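For the record, the sequence lines run as chains F and X. Whatever position you read off the first sequence (first residue = 1), add 5 for the numbering used here. Whatever position you read off the second sequence (first residue = 1), add 168 for the numbering used here.
Calculated directly from the structure, the hints in this document are not laboratory data. A few of these clues could be false.
Between beta-carbon pairs, the in silico distance windows are [stated by the list, open to error]:
#	chain 1	residue 1	chain 2	residue 2	range
1	X	L267	F	A180	49 to 59 Å
2	X	D458	F	A180	49 to 59 Å
3	X	Q383	F	S196	40 to 50 Å
4	X	D458	F	G176	36 to 46 Å
5	F	A125	X	A314	30 to 40 Å
6	F	R197	X	P508	19 to 29 Å
7	X	D263	F	A125	31 to 41 Å
8	F	M202	X	T210	47 to 57 Å
9	F	A180	X	R208	22 to 32 Å
10	X	D458	F	A125	42 to 52 Å
This structure is a prediction, so every number in the text was calculated from the model and none was measured. Ideal Cβ placement from N, Cα and C applies to all residues, glycine included.
Okay, here's what each chain looks like letter by letter:
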Amino acid sequence: MSEPRRYRSDWRGAVQRLSADPRSVVAASVLLGLALLVAVGPMLAPHAPNAQLDITKLVHVPPSRAHLLGTDVYSRDVLARVLSGGRISLLFATSAVLVQTIVGTCVGLFAGLAGHRIDAIVMRGVDAGASVPRVLFLLALLAPLPHVPLWMLVLTVAFTGWFVTARLVRGEVRAIRTTEFVHAAHALGASRLRIAMRHLLPHVLGPVLVTSTLAVGHVIVLEAGLSWLGVGVQAPQASWGNIIADGTEFLSIAPWVSLAPGFCLVAVVLAASAFGDGLRDALAPGQLART
Amino acid sequence: MNTVVSSRPTGGLGDGATDPLLSVRGLSKTFPIRGGILNRVTGSVRAVTDVSFDVAAGETLAVVGESGCGKTTTGRCILRLIEPTAGSVTFDGVDLLSLRGAALRAMRRHIQLVFQDPYASLNPRMTIGDTVKEGLTIHKLAEGAAADRRVQSLMEEVGLRREWATRYPHEFSGGQRQRVGIARALAVEPKFIVLDEPVSALDVSVQAQVINLLQDLQRDRGLTYLFIAHDLGVVEHLATRVVVMYLGRIVEMATADVLFSEPIMPYTQALLSAIPLPDPLAPRDRIVLDGDPPSPADPPSGCVFHPRCFHPDKDVACTQVIPPLEEKGPGHWAACIKQPAGTSDFFLPAAALRSRRTAVSPAT
């Protein structure tokens, strides 16, 4: 204890607190388990996700030993499709949310630290962007294009999703930048960049992570809506969203088609938000009031 | 506007013995009042008006006054945390207000600040070791294990245990947090520290400990303090000289001994009579001022104190003439047109002050 030692950083402390919180551990296990499942599952699945096994005899087969999650209206194995679609959905959602979070945080930090005039101009732009319904916005951007590659779809979805994060970060920065510990850093001679990275960012990261984990669920659902409108992930490539959308037509005769990916979706959204909550608490020592 | 003080050729506003370490001349800060949908400037608050003083190396200059009198703004202007509207601040021969960018950040090392609120002034997400270390990193004073050793010796110097470096601010009491704030300021080896009411938020018993720590550090490190306070008992114990501010202006300035025994200004006299006495049975005559301090957005004409002044010679001139800060006795400055210079006949050597002098107990 008495010899010099490296001080434990806040993040390492946060990981320790996180692993001591059962809720976060369960949530992280669910997320990791599902991620692992969709990563290796398609290789182990007995059927190809897009294979129409027997369009006359194997349509809407209920869950059985041969087809654990049943088959859909084109006699495709639902389990294989859920595993393959999960890959696309999780990858799509996490990458879109990652991009929109980074863009929103940067814009929010910039506006929050800028002077009144620049802040006002940037934030009115953000308000304008946020005021357009997202699906409408996406349709306007995507509909004119003949074929949209997946990465472009991700960027477009992210482009319409960063406004809320920007507004959140900007508000937090505005509130924190007048606190005395920021003045103290300023008085010590810290540069603006240092104050932003060391003193402001750690404080906004908690709420940003919480919104981002919630956004993951939202983007999966959004992608489903886009697929249904014909501008999302294109058939026959499965995604959780378009499996649910396709299955809703036959909900009364083959509920298993929508239920399986729906359950996965709910599990991801719940686990992600529980994990986000735990992360927020772990990042804010001494401020354990839960909202 | 009166520029009597700022137009004075040189010095004179310090203790007169040495070249001042810090020299403030004609410092003013006006905050705009914004209103309406277009955020137009609809008025202004004169937080600090034409403030001039010197601080000699090694002394403690106390700035006292009630809430809103501009004492904190004055301190923040010196630190360039607030940009003054007018005036000059010279530190060790350098014009602080002309510095920009990297030169300003480098200069900040020499002038540090200790805050009033030990809770808001520490980043809750940084260990106190990281907080103390930040200045070392910014100014590249030490790195790696050397920096950690430096942090530990600083912590011990301010009376904290070295193994507490890995803890977070919420694990500490107010007094301990204030020690962390002091260690943070000391890390960059400043010559000058602005103490912005450093003990006002602490328990009385803890106040004495922190005051003693500040005195020890001043002695050991040859520090110069600008001590902003409203607790005159603490000021009398700590200060070499005292500046009294009212509504953004300096109304009186003298050595602590002179100010506490022979205050000239009616405002200072009222302030001194308000010091709480530890003995509830001690006789005292409190001077109770009428009304509240006027709004700095709409200050009174002439002498800003005239609506509440009880000087027997107060007349219409007081409402018209802005009293210049004049040297009424050796090193004793006051802004009052009714008090002739060179007088030793203070108009109100009140029983209030005598009783206070006998009962005063230094905060130890």
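Tested hints:
1. At roughly 29 Å, the beta carbons of L267 of chain X and A180 of chain F sit outside the given window of 49 to 59 Å.
2. The hint said 49 to 59 Å for the Cβ distance between D458 of chain X and A180 of chain F, and at roughly 39 Å that hint is violated.
3. The hinted window of 40 to 50 Å between Q383 of chain X and S196 of chain F is violated, with their beta carbons roughly 34 Å apart.
4. Take D458 of chain X and G176 of chain F: their Cβ atoms lie about 44 Å apart, and the range 36 to 46 Å holds.
5. Checked against the given bound of 30 to 40 Å, the beta carbons of A125 of chain F and A314 of chain X, roughly 46 Å apart, lie outside it.
6. A C-beta distance of roughly 53 Å is found between R197 of chain F and P508 of chain X, which places it outside the suggested range of 19 to 29 Å.
7. Checked against the hint of 31 to 41 Å, the C-beta distance between D263 of chain X and A125 of chain F comes to roughly 34 Å, which is consistent with it.
8. Between M202 of chain F and T210 of chain X the beta carbon distance is about 37 Å. The supplied range of 47 to 57 Å is therefore violated.
9. In this structure the supplied range 22 to 32 Å holds for A180 of chain F paired with R208 of chain X, their Cβ-Cβ distance being about 25 Å.
10. As the Cβ distance of D458 of chain X to A125 of chain F is approximately 44 Å, the hint placing it in 42 to 52 Å holds.
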